[in-house]
Amino acid sequence: MRFSEIVERLGAASASSLETHPERDPEVGGMSAIEQPVAGTLSYIESRKYREFIDSTIAQGLILPMDREMQERAAARGLVWIGSCNPRLAFAEAIALFYKPIQPERGIHPTAIIHPSTKLGKEVSIGAYAVIQEDVVLGDGVCVHPLVVVYPQVAIGDRTILYAQCVIHERTQIGQDCVIHSGATIGSEGFGFVPRGDGTWFKMEQSGYTVLEDEVEIGCNTAVDRPAVGETRIGARTKIDNGVQIGHDVKVGADCILPAHIGMAGGAKIEDQVVLGGRTVVSNRVVVGRGTRATIGSLLISDTEPGSIVSGYPAMPHQSWLRSSALVRRLPEMQQTMKQMQKQIDTLQAELARLQGQQGQERGDEV
Amino acid sequence: MRFSEIVERLGAASASSLETHPERDPEVGGMSAIEQPVAGTLSYIESRKYREFIDSTIAQGLILPMDREMQERAAARGLVWIGSCNPRLAFAEAIALFYKPIQPERGIHPTAIIHPSTKLGKEVSIGAYAVIQEDVVLGDGVCVHPLVVVYPQVAIGDRTILYAQCVIHERTQIGQDCVIHSGATIGSEGFGFVPRGDGTWFKMEQSGYTVLEDEVEIGCNTAVDRPAVGETRIGARTKIDNGVQIGHDVKVGADCILPAHIGMAGGAKIEDQVVLGGRTVVSNRVVVGRGTRATIGSLLISDTEPGSIVSGYPAMPHQSWLRSSALVRRLPEMQQTMKQMQKQIDTLQAELARLQGQQGQERGDEV
Amino acid sequence: MRFSEIVERLGAASASSLETHPERDPEVGGMSAIEQPVAGTLSYIESRKYREFIDSTIAQGLILPMDREMQERAAARGLVWIGSCNPRLAFAEAIALFYKPIQPERGIHPTAIIHPSTKLGKEVSIGAYAVIQEDVVLGDGVCVHPLVVVYPQVAIGDRTILYAQCVIHERTQIGQDCVIHSGATIGSEGFGFVPRGDGTWFKMEQSGYTVLEDEVEIGCNTAVDRPAVGETRIGARTKIDNGVQIGHDVKVGADCILPAHIGMAGGAKIEDQVVLGGRTVVSNRVVVGRGTRATIGSLLISDTEPGSIVSGYPAMPHQSWLRSSALVRRLPEMQQTMKQMQKQIDTLQAELARLQGQQGQERGDEV
Chain R
1 MRFSEIVERL GAASASSLET HPERDPEVGG MSAIEQPVAG TLSYIESRKY
51 REFIDSTIAQ GLILPMDREM QERAAARGLV WIGSCNPRLA FAEAIALFYK
101 PIQPERGIHP TAIIHPSTKL GKEVSIGAYA VIQEDVVLGD GVCVHPLVVV
151 YPQVAIGDRT ILYAQCVIHE RTQIGQDCVI HSGATIGSEG FGFVPRGDGT
201 WFKMEQSGYT VLEDEVEIGC NTAVDRPAVG ETRIGARTKI DNGVQIGHDV
251 KVGADCILPA HIGMAGGAKI EDQVVLGGRT VVSNRVVVGR GTRATIGSLL
301 ISDTEPGSIV SGYPAMPHQS WLRSSALVRR LPEMQQTMKQ MQKQIDTLQA
351 ELARLQGQQG QERGDEV
Chain B
1 MRFSEIVERL GAASASSLET HPERDPEVGG MSAIEQPVAG TLSYIESRKY
51 REFIDSTIAQ GLILPMDREM QERAAARGLV WIGSCNPRLA FAEAIALFYK
101 PIQPERGIHP TAIIHPSTKL GKEVSIGAYA VIQEDVVLGD GVCVHPLVVV
151 YPQVAIGDRT ILYAQCVIHE RTQIGQDCVI HSGATIGSEG FGFVPRGDGT
201 WFKMEQSGYT VLEDEVEIGC NTAVDRPAVG ETRIGARTKI DNGVQIGHDV
251 KVGADCILPA HIGMAGGAKI EDQVVLGGRT VVSNRVVVGR GTRATIGSLL
301 ISDTEPGSIV SGYPAMPHQS WLRSSALVRR LPEMQQTMKQ MQKQIDTLQA
351 ELARLQGQQG QERGDEV
Chain Z
1 MRFSEIVERL GAASASSLET HPERDPEVGG MSAIEQPVAG TLSYIESRKY
51 REFIDSTIAQ GLILPMDREM QERAAARGLV WIGSCNPRLA FAEAIALFYK
101 PIQPERGIHP TAIIHPSTKL GKEVSIGAYA VIQEDVVLGD GVCVHPLVVV
151 YPQVAIGDRT ILYAQCVIHE RTQIGQDCVI HSGATIGSEG FGFVPRGDGT
201 WFKMEQSGYT VLEDEVEIGC NTAVDRPAVG ETRIGARTKI DNGVQIGHDV
251 KVGADCILPA HIGMAGGAKI EDQVVLGGRT VVSNRVVVGR GTRATIGSLL
301 ISDTEPGSIV SGYPAMPHQS WLRSSALVRR LPEMQQTMKQ MQKQIDTLQA
351 ELARLQGQQG QERGDEV
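Chains as they are written, first to last, in this note's numbering: chain R, 1 to 367; chain B, 1 to 367; chain Z, 1 to 367.
Keep in mind the hints are simulated off the structure, nothing from the lab. Hints are not guaranteed to be accurate.
All copies of an identical chain are treated as equivalent in the list; a pair is satisfied when it fits inside any one copy or across any two copies.
Said to hold, decoys possible - Listed below are the simulated SDA-like cross-link pairs for lysine to any residue, each with C-alpha atoms no more than 25 Å apart in a straight line:
#1 LYS339 - PRO195
#2 LYS100 - PRO195
#3 LYS203 - GLN335
#4 LYS119 - ASP272
#5 LYS203 - ASP140
#6 LYS269 - ARG354
#7 LYS119 - GLU52
#8 LYS203 - ARG106
#9 LYS203 - GLY139
#10 LYS100 - GLN358
#11 LYS203 - ILE257
#12 LYS339 - ASP135
#13 LYS343 - LEU327
#14 LYS339 - GLU351
#15 LYS203 - ARG330
#16 LYS339 - GLN173
#17 LYS100 - GLN153
#18 LYS122 - GLN356
#19 LYS49 - ARG196
#20 LYS203 - THR41
#21 LYS122 - ALA353
Quick caveat: nothing in here was measured; it's all calculated off a predicted structure.
Please take these sequences and the hints and turn them into a complete structure.
Quick look at the structure:
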């Protein structure tokens, strides 16, 4: 693809080297990372912090921030460049221009076992050895990869993709344009056991169901459980990574980003546009306010304010955590300081006592 | 189902509105959560903390604690109610009255591949594309869902359910009435590598096996490894949630509750009736004493006393953790206090020196 | 197997009871753990710490450290023994003498679906209901267990084993003698979403691929993602346990040991011979220096020095962590000490003021 075509097709591009060097319009073979540049490709630099890469890259061009100095530096090396207010987004858009995802075979594989009650939309693909049980609805263009199991009474919206080995449990409702990655389990039984009082546990049947709204992604080996009654719900456009646990009765809002190994205990409520660091834990019934950000590995045992940034285990406001965690490291030093202070106090006490004694004596002398 | 029938069938019910209002005996359509009440259903309230819900619920009845005020408040709104010393247990029992779990097709699916050496009990169900290898014993009423793999020399007790995509590795022994959820792996190889001393690792063969006693549940994508020699064992009636790791040679006692994302390193020993919070880690060979409780996200690197409650990362007695973790947040304040104390000490020293100097001078004067 | 044969075949054995008691050469039935000894077997004792077991074991022999006292104590009880500088390694070697792993059926199962473009090496085994898609290369002796899915353009080296239910995604390259355990997912899409700036997220296509070098092991339900561009790479002989997350663009070196539930965020770099404790998290782009060791449950948010030992959440040098974490427990005590110091200071100030007042008065008197 010609460089000029990329520039034209990138929505996020605001400027390019074509303005000053229209004659530089090479064929571009693809995209590459700035740390692993490949000749004949475009790479990208997020910010001035990485600008040294401009001088050494073997890529033939760069997506750059709107920074004239960086752009001139690239041009001086004969590189083509695209300027963007969001270079990472422009890079992602450019990858999409080149990338041709693997297309599974169209149609229904003869080994797929599909219950006669299944309602199939148009142009559905179902892979080898997939098993679709009774009363399932698959929308138009749904793509079921090999070895997937769909339990009864599931509805799956148009164009949703179920990758290999995932399991969709009974009564689950999945919206349009969702992606369920390999090995994920949606709508499995919540973990509900009630103490009988004699040290044993009574299983609470999980009669509820799970809902994924439109454009949700669920990562590999992630589980989204269904509750005893009512629903577990993941809001529209929320993206969930691998190995995540979404407990029964959790409500996740729209446009959230939940990286790998996050765990949400039963009844947690995550409002819209929450972005958590990987490995974060949210405790039972905790409400994570709209737009909250948590850094990697946080433990949220109490509600967070909308728009807050939290860190720590347990979590606290990020600024407090920065100070507290720095001081945890300095506790041995603080202890040392305290010991010295105690010595100083002891010395002061001794000297004061001596002084008082002297004064008493002097006064006694005077008497 | 009539309200009066529910009252009659609930073992845990101690009282009900039928005593004072026998004429109120509506048809009940099911159960619902107090935060998501559904008209025509019963809901439940665990404790006085949630009693405000009585005034606004659209449910037609409530399971309540043995609290006369709450019961009268419900009756005053025309609601039917059931009183119980354990409302949550009564709620769970009531759900079970209504819930009809999905029943897999009976019998052996023609696509299931079953080694001729398999010993099948009565009324065994085996789903599509399940694979049962040699020398496996399946007890009466065992239910193997689609796409399950059972490796050789496995024994599975009566009425145990294996959900879709789970894998039972060689030599595993599973008791009666167990439930293995989708994607779980039982009896997989323990992680055993011995340093050779030259920076490389020798694989220790995992020749042992895994035992699940009766009525054990194992969650989705959980792994229970087998050891190099001997056995990994999960005690009767212990319930394990999703994404848990049980390392080689771990012994878990009876009636334990182990929520999602718990990890147990090799050789850990969990005694009976232990209840851990989700995401807890137990280090190698640590012994968790009978009845220990750990709060969410704890790290147990040393043994716990029977009956203890622990928290923290690493864990300590819960009461200590409450104090310590509150003080971690207040470290910046403590540091500030120390600085002020240091200033006060410095001032005291200076003033004392001045005083000593004056006194010396005065005495000098006197001399 | 005769005891003498075991002694002969153990590379790590340096001495044995045959030297002093050649007549004691029993038939050995297998190996057992020292805490669960089995009659007729050999067990092992790692160090003097466990030497009391010598006096009570029902095993007929022991692998012991090079410790004359322990060896004589065993001989005095009539036990046979093998002395080794690395008893654990000798034990592992001895297990391998006895253990006969389950052998999957040879050949291609008739239900396996293999795309005609597949290049098969010699003596490949492919189990029931496995699905191999287009343009896949399987080396000599590759063993694919039942219900495995291999996506297009994957290459798998000689003798590599793929256990049941694992999924190998498009373009993945797996070396020779690797082991992929049940339910693992290799080469799945990295988690890449770029903020558009309006609260929504643009999916970055993951056009890269994943490489596992020779002799890598990947545990059950572990995921190794592929990146947007370039590669995710696991170095030769590195062993990864269950439930681990390796994010997109991560580079792991050779001979690393990564136990269960470890998580590595995008772009992390783990150098050779790193040994992390289970449940450790490595943050985005962090570089873990060659030979670093981290204790269980650490959080690495900054680079580590080669050869360092780190602990904590977030991690710090292990020695600092020992001191700091001990002091965290003692914070209530430190706070108490501070309060007492403050009282002492207050008293000192009061007494000093009184003294100054007296002195002023006295001097005033004198005037």
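For each hint, the structure was consulted:
{"no.": "1", "hint": "LYS339 - PRO195", "verdict": "neither (49 Å within a copy, 44 Å between copies)"}
{"no.": "2", "hint": "LYS100 - PRO195", "verdict": "between (53 Å within a copy, 22 Å between copies)"}
{"no.": "3", "hint": "LYS203 - GLN335", "verdict": "neither (50 Å within a copy, 45 Å between copies)"}
{"no.": "4", "hint": "LYS119 - ASP272", "verdict": "neither (33 Å within a copy, 48 Å between copies)"}
{"no.": "5", "hint": "LYS203 - ASP140", "verdict": "between (38 Å within a copy, 22 Å between copies)"}
{"no.": "6", "hint": "LYS269 - ARG354", "verdict": "neither (65 Å within a copy, 61 Å between copies)"}
{"no.": "7", "hint": "LYS119 - GLU52", "verdict": "neither (57 Å within a copy, 44 Å between copies)"}
{"no.": "8", "hint": "LYS203 - ARG106", "verdict": "between (43 Å within a copy, 24 Å between copies)"}
{"no.": "9", "hint": "LYS203 - GLY139", "verdict": "between (35 Å within a copy, 22 Å between copies)"}
{"no.": "10", "hint": "LYS100 - GLN358", "verdict": "neither (94 Å within a copy, 90 Å between copies)"}
{"no.": "11", "hint": "LYS203 - ILE257", "verdict": "between (32 Å within a copy, 12 Å between copies)"}
{"no.": "12", "hint": "LYS339 - ASP135", "verdict": "neither (73 Å within a copy, 70 Å between copies)"}
{"no.": "13", "hint": "LYS343 - LEU327", "verdict": "both (22 Å within a copy, 20 Å between copies)"}
{"no.": "14", "hint": "LYS339 - GLU351", "verdict": "both (18 Å within a copy, 22 Å between copies)"}
{"no.": "15", "hint": "LYS203 - ARG330", "verdict": "neither (48 Å within a copy, 41 Å between copies)"}
{"no.": "16", "hint": "LYS339 - GLN173", "verdict": "neither (63 Å within a copy, 59 Å between copies)"}
{"no.": "17", "hint": "LYS100 - GLN153", "verdict": "between (34 Å within a copy, 13 Å between copies)"}
{"no.": "18", "hint": "LYS122 - GLN356", "verdict": "neither (99 Å within a copy, 97 Å between copies)"}
{"no.": "19", "hint": "LYS49 - ARG196", "verdict": "between (60 Å within a copy, 21 Å between copies)"}
{"no.": "20", "hint": "LYS203 - THR41", "verdict": "between (58 Å within a copy, 21 Å between copies)"}
{"no.": "21", "hint": "LYS122 - ALA353", "verdict": "neither (96 Å within a copy, 92 Å between copies)"}
Comparing the model with each earlier hint shows violations of hints 1, 3, 4, 6, 7, 10, 12, 15, 16, 18, 21; every other hint is respected.
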